[in-house]
Amino acid sequence: MHLHICSCLHSIINSGSVLEQSISSFISKRSALFELLEFFLTTKSPEGLRASQLACCVISEQWWLFRRATFASTELEALGYSPDKSILQKFWKLCECQLNIPGGFCSPSQSMFSLNLWQL
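Quick note: to get this note's numbering, add 3 to the position in the sequence shown (first position is 1).
Keep in mind that the hints are not guaranteed to be accurate.
Claimed, not checked - Beta-carbon label-pair distances, calculated as ranges: (1) 90 x 27: 15 to 25 Å; (2) 24 x 90: 22 to 32 Å; (3) 46 x 76: 32 to 42 Å; (4) 89 x 20: 16 to 26 Å; (5) 102 x 14: 34 to 44 Å; (6) 20 x 45: 35 to 45 Å; (7) 72 x 32: 18 to 28 Å; (8) 54 x 22: 14 to 24 Å; (9) 45 x 77: 13 to 23 Å; (10) 46 x 75: 30 to 40 Å; (11) 72 x 19: 35 to 45 Å.
Don't read these hints as lab results, they were simulated from the structure. These figures come from a predicted structure and were not determined experimentally. Ideal Cβ placement from N, Cα and C applies to all residues, glycine included.
Work out the full structure: start from the sequences and follow the hints.
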């Protein structure tokens with residue numbers, strides 16, 4: 004779905020004119036992707052950790068692609084996106100977990116980047 008959204012965005016940006024209906028449909032698909040990704044931000048099971056890590060990467064890329072500054076004052080301004088505070092907090096908690104920052108929601112043994120310094 005992420006690749007489909009990226010491909011559609013590329014087509015929209017490179018086309019001469021875009022129907023408002025197409026933009027509306029595209030925003031609906033993008034919203035569905037963000038809802039799915041938000042689910043993975045809060046998955047705390049060991050099996051779900053890999054999915055959460057991938058979701059973190061995809062979310063950051065989507066936020067970059069749809070940042071409001073890119074589309075401000077253009078005919079595609081409706082495509083601009085800015086996450087709300089609760090999603091940012093969930094995203095940051097997942098980043099803390101992945102980077103093994105104290106206070107993150109997962110234990111060091113679950114962190115993708117946790118290292119046993121004695122093994123180095």
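Okay, the hints, checked on the actual structure:
1. For the pair residue 90 and residue 27, the supplied restraint of 15 to 25 Å holds, since their beta-carbon distance comes to about 22 Å.
2. At roughly 27 Å, the beta-carbon separation of residue 24 and residue 90 lies within the given 22 to 32 Å, and the hint holds.
3. A beta carbon spacing of about 38 Å between residue 46 and residue 76 agrees with the range 32 to 42 Å that was offered as a hint.
4. Our hint of 16 to 26 Å for residue 89 and residue 20 is violated, since their Cβ atoms are close to 36 Å apart.
5. Separated by about 35 Å at the C-beta atoms, residue 102 and residue 14 satisfy the suggested range of 34 to 44 Å.
6. In this structure the supplied range 35 to 45 Å holds for residue 20 paired with residue 45, their Cβ-Cβ distance being about 40 Å.
7. Distance hint check for residue 72 and residue 32: the Cβ-Cβ separation is about 22 Å, which falls inside the suggested range of 18 to 28 Å.
8. The hinted window of 14 to 24 Å between residue 54 and residue 22 is violated, with their beta carbons roughly 35 Å apart.
9. About 34 Å separates the C-beta atoms of residue 45 and residue 77, a value inconsistent with the hinted range of 13 to 23 Å.
10. At roughly 33 Å, the beta carbons of residue 46 and residue 75 sit within the given window of 30 to 40 Å.
11. The hinted window of 35 to 45 Å between residue 72 and residue 19 is violated, with their beta carbons roughly 23 Å apart.
The structure is inconsistent with the numbered hints 4, 8, 9 and 11, although it conforms to all the rest.
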